[in-house]
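**Q** In order, the protein sequence lines correspond to chains A and B. Residues in the first sequence are numbered consecutively from 1, following this note's numbering. Residues in the second sequence are numbered consecutively from 1001, following this note's numbering.
These are computed hints drawn from the structure, not numbers from a lab. For glycine and all other residues, C-beta sits at the position ideal for the given N, C-alpha and C. Just to be clear, a hint being listed does not mean it is correct.
Said to hold, decoys possible - Estimated spans, in silico, between C-beta atoms of each pair:
hint, chain 1, residue 1, chain 2, residue 2, range
1, B, ALA1128, A, ASP540, 27 to 33 angstroms
2, A, VAL41, B, ARG1181, 53 to 59 angstroms
3, A, ALA421, B, ASP1089, 58 to 64 angstroms
4, B, ASP1089, A, PRO224, 48 to 54 angstroms
5, B, LYS1235, A, ILE92, 37 to 43 angstroms
6, A, ILE92, B, ALA1028, 15 to 21 angstroms
7, B, ARG1064, A, VAL91, 27 to 33 angstroms
8, B, PHE1168, A, THR107, 40 to 46 angstroms
9, A, HIS420, B, ASP1178, 51 to 57 angstroms
10, A, THR598, B, GLU1225, 17 to 23 angstroms
11, A, PRO35, B, LYS1130, 38 to 44 angstroms
12, B, ALA1128, A, THR598, 48 to 54 angstroms
13, B, GLY1131, A, TYR380, 51 to 57 angstroms
Claimed, not checked - Output of the computed footprint for chain A on chain B, the stretches with three or more beta carbons under 8 angstroms from beta carbons of chain A:
hint, region
14, 1016 to 1023
15, 1090 to 1102
16, 1139 to 1146
17, 1285 to 1295
Claimed, not checked - One-sided excerpt, in silico: chain B residues whose CB lies under 8 angstroms from chain A:
hint, residue
18, ILE1026
19, ASN1071
20, ILE1119
21, ALA1121
22, ILE1152
23, LEU1153
24, LEU1154
25, ASP1213
26, GLY1246
27, GLY1250
28, LYS1278
29, ILE1281
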Amino acid sequence: MIAFMKLLARNRLALAGGIVLSLVVLVALLVPVLPLKPPDVTNTAERFHRPFTEGHLLGTDHLGRDLLSRLLWGTRLSLAVGTAAAVIAAVIGSAVGIVAGYFGGRTDNVIMRGVDMLMAFPYILLALAIVAALGTGLLNALIAVAAVNIPFFARNIRGVTVGIAHKEFVDAARLAGMGHARILLQEILPNVVPVIVIAMSTTIGWMILETAGLSFLGLGSQPPQADLGSMLGEARSALITSPHTSVVPGLMIFIIVMSINLLGDGVRDALDPRLRSGALTRPQPATTVQRAFAPEGPGRGTLDVRDLETQFHVGPRIYRAVNEVSLQVAPGECLGIIGESGCGKSVTALSIMGLVSSPPGVITGGAVFHDGQDLIGAPYDTLRRLRGDKVAYIFQDPLATLHPLTRIGEQLAEAIRVHHAVPKAELRRRAIELLKDVRIPNAEARVDNFPHELSGGMRQRVGIAMALANEPELIIADEPTTALDVTVQAQILSLLDDLRRDRGLAILFITHDFGVVAQLCDRVAVMYAGRVVEEGPTGDILERPAHPYTKRLMACVPELGGGRRDLAAIPGLPPAVDQLPMGCAFAPRCDKAAKACTAPVDLTRSDKRSVRCLFPEDAIERHSA
Amino acid sequence: MGGYILKRLVSAVPVILGITVIVFLIMAMIPGDPATAILGSYATPENVEKLNRDLGLDKPLVQRYFIWLGNMLTGDFGRSFSLNRPVLDEVAERFNATLILAGTAFVLCAFLGILAGVISAARQYGWADKGITFVVLIGISVPSFFLGMMMILLFAVNLRWLPVSGMFAIYGGGDLPDLLRHLVMPAGALAVVATGVIARLSRSAMLEVLRQDFIRTARAKGVPERGVIWRHALKAAMVSIIPVLGIQAGFVLSGAVYIEIVFQWPGVGRMLVDAILKRDILLVQGGVVFVAACYVMFNILVDVAQSLLDPRIKT
Ligand code: SF4
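Extracted from the complex, chain B is given alone in its bound form (with noise of 0.2 angstroms):
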């Protein structure tokens, strides 16, 4: 098991040299002076000449990007000149506010989208099945940001039960139950896409397994058709639901971008969006590179779960 941890970490370095590579080149491609796109209102020639040194943009593409990784191996991200501040920092902040609001809507859709997807396929064509698949049609087909705007005006405007943005009140806020009270409407509203494909890829993938002879064995050993369903074909069915949660926490996390705007969530999304507004290149440059390596990580907790579940795969 250690192994196979090991392996995928090992296996994940190239992928992360990879995904610098990218964002290196991408920001490569500003069209015009960079240290004048970067600093853009802010330029004074000593500024720009000194954002030139720092970013050694009078040296070559190769070396400029080995100076740059080099510098955040050693956790230097940069500084960010529309904050002041190190852009290590605000990123690690506002990631914690994204974490809080994705994990909780990755948690809900996973749990919400295979329950939806298991009941479907137990209750083939029956009312339950017809009804999930109806709320599941609508749930893919609304975009994130609409759904929010609309629960806002329902939840928070109209029926006044839930506050309408931000992470915390301003007055007397801060513990657990302010934050929750915040976190339930962009977490519903997050979750409610992924949760959509989550069940209906469940509920295929159980009725391919309920197809299968090792069910037909576990009712000829009379297991009462709760445990045939939850136990056995569940079971059997997560080996293709995992890698979607996998795929699906990558939507969750895009997905957060637009419901940290519209709930106005201090979360790593919406620092992006500013940053780009204001042309902050090296926070964007920053953020991108630390959410995506976390991505990277958090994809190989989703194959060591695999590995759990499934003896088959070699470790």
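One chain only, chain A, in its complex shape (with noise of 0.2 angstroms):
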């Protein structure tokens, strides 16, 4: 609770709302000491003068009254008539959704077929139709707004009490043989009473503002007595001739009615935690770049990294998930990234198009050079041309990663659209021509389906399909056959294998599987905590890996198609990123550890391999790098 106030209180806004709202509400309560004029007395005489005359500081309406004492009075009216419809909606509307969510069945059925009906109804034609039957009044105009409002608080509490009814505590005390009555009363109501004065907080406001309505129809409260509402509305008539009498109650209700508002969203965003973390940021459209270094070009072959450096800026606290990582692919070449999942190998795959979620992702070091130009820290338009051209992804999880809405044949089409001008017809062709080349069967017709009509299988050749639509040089697959069954996987493996074969493509493919790795790729870089371990020849490594993770790995994962497992026969965890250890971040769950590999540890260098580790399972020939 004392969290949740100075959570509050961090918001600016929320707390100059509350404060506001705490004056009016305070002043409102001291009404009958102040020393005002009475509110009801006329005076011909006296009319329509002017804010700030003499002995009316706010003036005097169209019967002479003076309006400070009014406006006062009538705030305390309103108020009063808000809150209280407020707590009769509550009340009421609470009780019918416990019940309904308590007893379920049928009786759940009745109520919310009632409340749905209700619902259906914009709200004031229901309140006037009460008001019609009831007659005008400020008690009826009440009565009308209050039961407007009971199907919101009986539909919310409804879903609260539905959850709870069926937890264990509740359970025990039927069996233990409470009565329905002391159940609801003891067992369920403590429960949901935050639920309700929560949903109270932000709809009073709402129900001042509608209960204002009524009287200002002139519905609701009667002359003499007046709240804010039919202030508003008597000064109507001379709204032309002596506006400050309308001005004056209308602002007083604007005033309310936002400092509500205010105070509420505080409380919502104080609630809900999703917005605290600052996880509902929209990412830009190209990570953020701020390179403490930048290594000269131009680079090698299709793709080389060097000494890349991707960051996670949360708050305070710093996640190193990619840390001096350097990477090369040749023309042609099929290089795998092998890691835990958390190891930083998809970070690194799309940190090389700018296309790590930012905030919170930076790129803070290192290189990324394709045919001889820097990536990192090239303009975002540049990206934007190579993106989907040159160097093409292949995500995993292909129901989240294609949009739901848009059939996948226009999505295929927009592939190529995007980086060459094409006629629309050519375009379809073009779509099925490659949901051809990725095995699909009955393409013609497929190109019209929406993903969700597709199987998993189907869905990540669509998604290998929009990988080629440019004949890309690059593609990056980021765990394309995790979510898929064994058969399928070596589908799409041998799939993926051929079209590398056939039109010369490099391939950049992240897994945490050896079996695919075995299968596909031509030499292997495994990453552990942000860091590249070991590299090589795939061959080699897998016959005689030399670092130790290397060899548990390949121990965990014996075949192909092993699917996500967990990498339970290495004891313990992966350091978290943000608390990264200064020497070999291994060395927690190393057997080997020994005093020297807490200092930092060096890539070492041999002709065709590097290993990060100063005792190697199987020496390969050494030279520091």
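These two chains come separately, so use the hints to put the complex back together.
**A** This is the structure:
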């Protein structure tokens, strides 16, 4: 609760709203003891005084009554009526909701049907019908407003109650022979009260406005008594000649509603943890780059990643997801990156084209050379032109990565259209051709399907087809087979392998599965805690792993199609990347760890292989890098 | 598609029946003798007795309901005694005016609200976002009837740009430009709150969508940022915006009552308020049922729009 109040106070707007509202409420409470003129005494000689006249701070109205006095009394009345309506609606609505939610079944059905019917009305029609039946007057307006808002509470509270009614402590109470009434009052009610209070705090401003509205229409408070709404309503006839009589009550309603809204927004934000963590921040079109250092070009091969550093800046914490990673991919070569989830392999892949979500992602160092050009820090437009044209991505889980509301044909066509001006009919033909290339049967019909109408394997083929659309030089595949079952996985892999050989594609393949690496990759880089710990030709590493971590990893996933298996055979967990140790990050889990391992460990290179370990399993020919 | 529309239409029948039951029950709450209450000062013993017979007030409640329902189904909503004409004629005529007002306001608030929400999300934390958020906060807090009055003061009285009130000029009016001139302020005032609500919701729906994986796919394909926002993200965000449009349509229709009073717009809201003040119960009853039924039908349109957008909805 205290933490909650602190959060609320940190929100300056909510604080301002709270202060203004408290002031208004305080004044409204003090009205009877304030030295005000009587609000209802008319004096026709003093009509329509402007504000700031002697004796009338806010002037007088059409009957010569003191506006300040009427305003404060009216505020008091409006607040009281609105609050009363909110309380009544909350009590009755919650009772209905609790009963429906607790008993469920038939009772629930009947009640909720009724609630739905009430919600089918535009709210004011219902209120007007009630006032028409009961007659005009403030009390009847109050009843009408309360009644109209009952369904809102009933529905919300029912939802919460349903969740509680099946918890163990309720079952226990029932088994202990407690009656329904006692269970409702002692077990259920205390748990829903906070929800009721929150729902009330968000609707009370609304109810004040609604009762004022009915009074404005002449259906609520009747003269000489006046709430803010009827003050405004009465002033309307003199709007043009004496606007101040309208402005005064109107502004007051505005101030009250606004302060309640500000406070309500603050409450909501403080309660919604997603907003706090900044998760709802919109990712920028390209990852933010704040490079401390930038290696010189021009780089070799299709892709040359040098000393790449990508971090996540969340509040005061810095997560070093990718640390001095260097990789090279030659034309037509397939390089695998392997590691446990969270080792930084996906972030490395996404950094290449600036696709790491930013915020919180920041590329803090290194370079990525493609065709002699450094992509890190390249202008957005340069990146955009390369994305999908020269360098294409295939992602995991195509149900989430394809647009759910767009036909796959259109999505394929768009991939081409954004880079090349191609007539529409031609686009469709190319889309069908692409589907055939990835061996989707009946492509002419499939092209008009939506993603949810395809199987997982089909969707992944569409993902691959999309990557092939512009015949790129390099495809970056981020665990494209992880979500699929074993046979489909094997099919997709052989498809990728064929495409690569036919078209001379270079592939950067991210996976956690050594079986996949063995089937597809020429070389492989093993990542751990954001660093490359071992790299070399696939065959060599499979035969003679040098790093203790690689050896363990291979022991865990012995064959193709292991699927997503947890690495239980390696005791312990990878270190959190915001608290990386100075020395070897694997040391806490390593059998061979020695004192020397707590100092920084460099990458040791031989001709074709490199390893980051002081005591490798199988010594590669060393000379320090 | 046709099947889906039919299914929705069929499902609207019990809702509309429910509405008639609710209205009927509310009217049955009238304290004392309804005929006297309805006729009030017009009451002569003969009139009271005639009305009692007309309404079947001597019969039991359930029977009375079915008589009333049966009459309505044949288009007989009763007779307004304060206006001395059939309720349905009056309501239909007035509803036309309301439809012009509320319809314009609805189009305005949907268009402006979504526009503001998308821009706000695309420029999150930028000056445009801050500006829009601030204006929206004021917009959803100002009572529409007060806003309407202030607009009259500014644009009609001080600047003399627009007519003060009414739907047509009394002399020489009646054409479309005249209607539009009269429509600007009331439709604008009516749209403000809903625009704010829709803008807020669109902003958060967009922010929600922009974090999703298929947006990253669009960027990886090289779709320009404008296309990412307006095609990919907005299309997906519409799935959560459309239902809110349906709800806001109800609020626009409700707000029209105040706006019609402020601007003396000859719509169904002003008719209802007048009828209540004159205790013309049959007119109130008929008006409420008619408008509520129209709103239910409108919501079917909303559902159909939703199913056109989202193929995952079973049709
Ligand atoms: S450097 Fe030391 S702790 Fe790290 S893997 Fe090698 S032996 Fe183990």
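**Q** Please go over all the hints and tell whether each is borne out by the structure.
**A** Here is what the structure says about each hint:
no., hint, in the structure
1, B:ALA1128 / A:ASP540: 27 to 33 angstroms, "56 angstroms, violated"
2, A:VAL41 / B:ARG1181: 53 to 59 angstroms, "43 angstroms, violated"
3, A:ALA421 / B:ASP1089: 58 to 64 angstroms, "59 angstroms, holds"
4, B:ASP1089 / A:PRO224: 48 to 54 angstroms, "39 angstroms, violated"
5, B:LYS1235 / A:ILE92: 37 to 43 angstroms, "41 angstroms, holds"
6, A:ILE92 / B:ALA1028: 15 to 21 angstroms, "19 angstroms, holds"
7, B:ARG1064 / A:VAL91: 27 to 33 angstroms, "32 angstroms, holds"
8, B:PHE1168 / A:THR107: 40 to 46 angstroms, "53 angstroms, violated"
9, A:HIS420 / B:ASP1178: 51 to 57 angstroms, "52 angstroms, holds"
10, A:THR598 / B:GLU1225: 17 to 23 angstroms, "46 angstroms, violated"
11, A:PRO35 / B:LYS1130: 38 to 44 angstroms, "43 angstroms, holds"
12, B:ALA1128 / A:THR598: 48 to 54 angstroms, "51 angstroms, holds"
13, B:GLY1131 / A:TYR380: 51 to 57 angstroms, "24 angstroms, violated"
14, 1016 to 1023, "holds (count 5)"
15, 1090 to 1102, "violated (count 0)"
16, 1139 to 1146, "holds (count 6)"
17, 1285 to 1295, "holds (count 5)"
18, ILE1026, "5 angstroms, holds"
19, ASN1071, "18 angstroms, violated"
20, ILE1119, "12 angstroms, violated"
21, ALA1121, "6 angstroms, holds"
22, ILE1152, "7 angstroms, holds"
23, LEU1153, "5 angstroms, holds"
24, LEU1154, "10 angstroms, violated"
25, ASP1213, "4 angstroms, holds"
26, GLY1246, "11 angstroms, violated"
27, GLY1250, "4 angstroms, holds"
28, LYS1278, "10 angstroms, violated"
29, ILE1281, "6 angstroms, holds"
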